[in-house]
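Enquirer: Taking the hints into account, I'd like the entire structure generated from these sequences.
The chain contents come next:
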Amino acid sequence: MELVVQGILLGGLYATTALGLSLVFGVIRMVNLAHGDLLVVGAYVTALLVASLGGDPLLLMLPAAVLLGALAYPLQRFVLNPIMRHGQEAPITATFGISVVLQTVLLLTFSADPRTINAPYAATQVEVFGIGIRTTLLIATAIGILLVVGLDLLLKRTRFGKEVRAASIDPDAASLVGIDLKHTYALVLGLATAVAAIGGTLIALTFAVSPTSGTSWLLRAFTVVVIGGLGSIRGTLVGGILVGVVEDVAATVFGAEYRDVAVFGVLVLVLLLRPEGLFTRKVRRA
Amino acid sequence: MNATGSRTLRTVAAYAVPVVVALALLGLADAMRLSLVNQLTSLLLLAILAMAWNLVSGFGGQFSLGHSIFVGVGGYATAVLLDHLDMPLVPAILLSGLIAAVVGVILAYPMLRLRGPYFAIGTLGLTLALLGWMLNWDFTKRSQGYTIPADATVDLVTLLRITVLVALVTVLAITLIMRRPLGLALLALRDNEDGAISVGVRRLRTLMPTWAISAFLTGLMGAVVAMQKGQLTPTSAFSIQYALDAVVICVIGGLGTLYGPLIGAVVVFALRQYTADFAGWATLIEAIIVILVVRFFPDGVMGLLSRGRDAVAAALIRRRGARAAAQTE
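Protein sequence lines correspond, in order, to chains A and B.
Counting from 1, one number per residue, gives the positions in the first sequence under our numbering.
Counting from 1001, one number per residue, gives the positions in the second sequence under our numbering.
These aren't lab readings, by the way, just hints derived from the structure by calculation.
Since we're looking at a predicted model, the values are computed, not measured.
All the given hints hold, so there is nothing to weed out.
Derived contacts from chain A toward chain B, CB cut-off under 7 Å, selection only: (1) Val79; (2) Glu89; (3) Thr93; (4) Gly97; (5) Val100; (6) Thr104; (7) Leu107; (8) Phe264.
Quick reminder that beta carbons are idealized off the backbone N, C-alpha and C, glycines included.
Expert: Okay, here's the thing in structure tokens:
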């Protein structure tokens, strides 16, 4: 029982880390191989802000998110958008290159050791239904749910959301009715990166980040997104919870060192059985 | 010379030139400085890895981030064979390649159903899952790693000769494949899958053998890497760096070209020699170059070369045309 509760709460955190990936795939139809590293960079930027300004990481992750989002806009607009015309392989190569750049910059700037972000509540526990739960996990889950609901509303209720959905459903028709695809795509990557910065900060509050941990977070986020259905915002919450529970159970049954192996095993399994997601209706591959 | 004649000549040259170069290297290996021997070995190993990867990912369009698996399997297989069975070196290396190919075929059954980014992430996940397993597997001594038994190690010159032979096999195999129907089917699948299938290309029957050959060649490369380094740990043998090297080299040299990976390997190797004192910077520069190449020169060095050749040819034709026009006047 404790495992399941713990797993569900982990799920909220995992959903946050996967939201950006899902958004970018859903709208731009691009799998961002640098997503994991964007999470990690977000964590480091927040850590730097905390170290230099002093203050609560939950507050300082907001400027970090804005900053990284603003940096991601030109990246999509001037680098990735033109590359996407070269076919499907080119953006894979390019985002892989970006991933390596980010990892190497982090390695060159900081040490390879894992680091955490400290906060007064980082080590405390809260009693919920008689089970001791780490406060940070609870906060992460709350923020995760908030972000999922917020993004969902943003996409469904606002003019910007309408444009984004139009661009994702039929890019040609969308551009015919006057939606600037290049601008929209760049905004989406900016938004996704901002969310990733928040996700990364939550990771660093709960666990730890190191310059090279992005790859394993990319795979975890991808697992979450594939389970929840690529491009589905609410699906990430379901996927996150499933991955969280599976991981916790596997870690208890086989030992903590098999935590990652379990996640990647689930990923491979899901890719094989239902690459379109567990909870989506089957869509024909174009 | 008539058309058939020049075609036969080109076919002969495609096989003869690599053989001659390889023979020359085999002969000269004794005369080289040892540092040069070692550098040449490392360069050729990079080139073999890139060419093997290019077969699947450049010509085949299946972007693999899992080739580190074959490097690791090849390396560990060699270490285990030498350690437990006291096999002679060359059969051990060959058998290691075969084992890597078998692993490749087993993994291909699930993996080849995936396409595009799914394939990339699936193979990346497999690499990390296998690495996690290797770190905890008693048979391969866990994270402590494996050492090549001292009596089985060979001197640098012999190692270079083995590497040259593996490189020769790689070049010849890929030249041969790309001149056969299998290679044509591979290109057709990459360029238009539905179209290729509609004219009778069988997807799995095309991808499986190429994937197995690529795994075999990468396994050979991994075996030689293990011999060169003398010891293996899961994190070094299954390092993502190998997949990264392959991507960087092929993108710079030209994806899906025969000699692009060779050129790319030379470029990357030279870059690493110059930036050897600043660890990490080479990787950064390489990754930035990759992004720039994808953005501005999607066909790499080979693309630039052929563009240059076309420009020269066009200029020649123009001049000849102008001369002809001048004569008729």
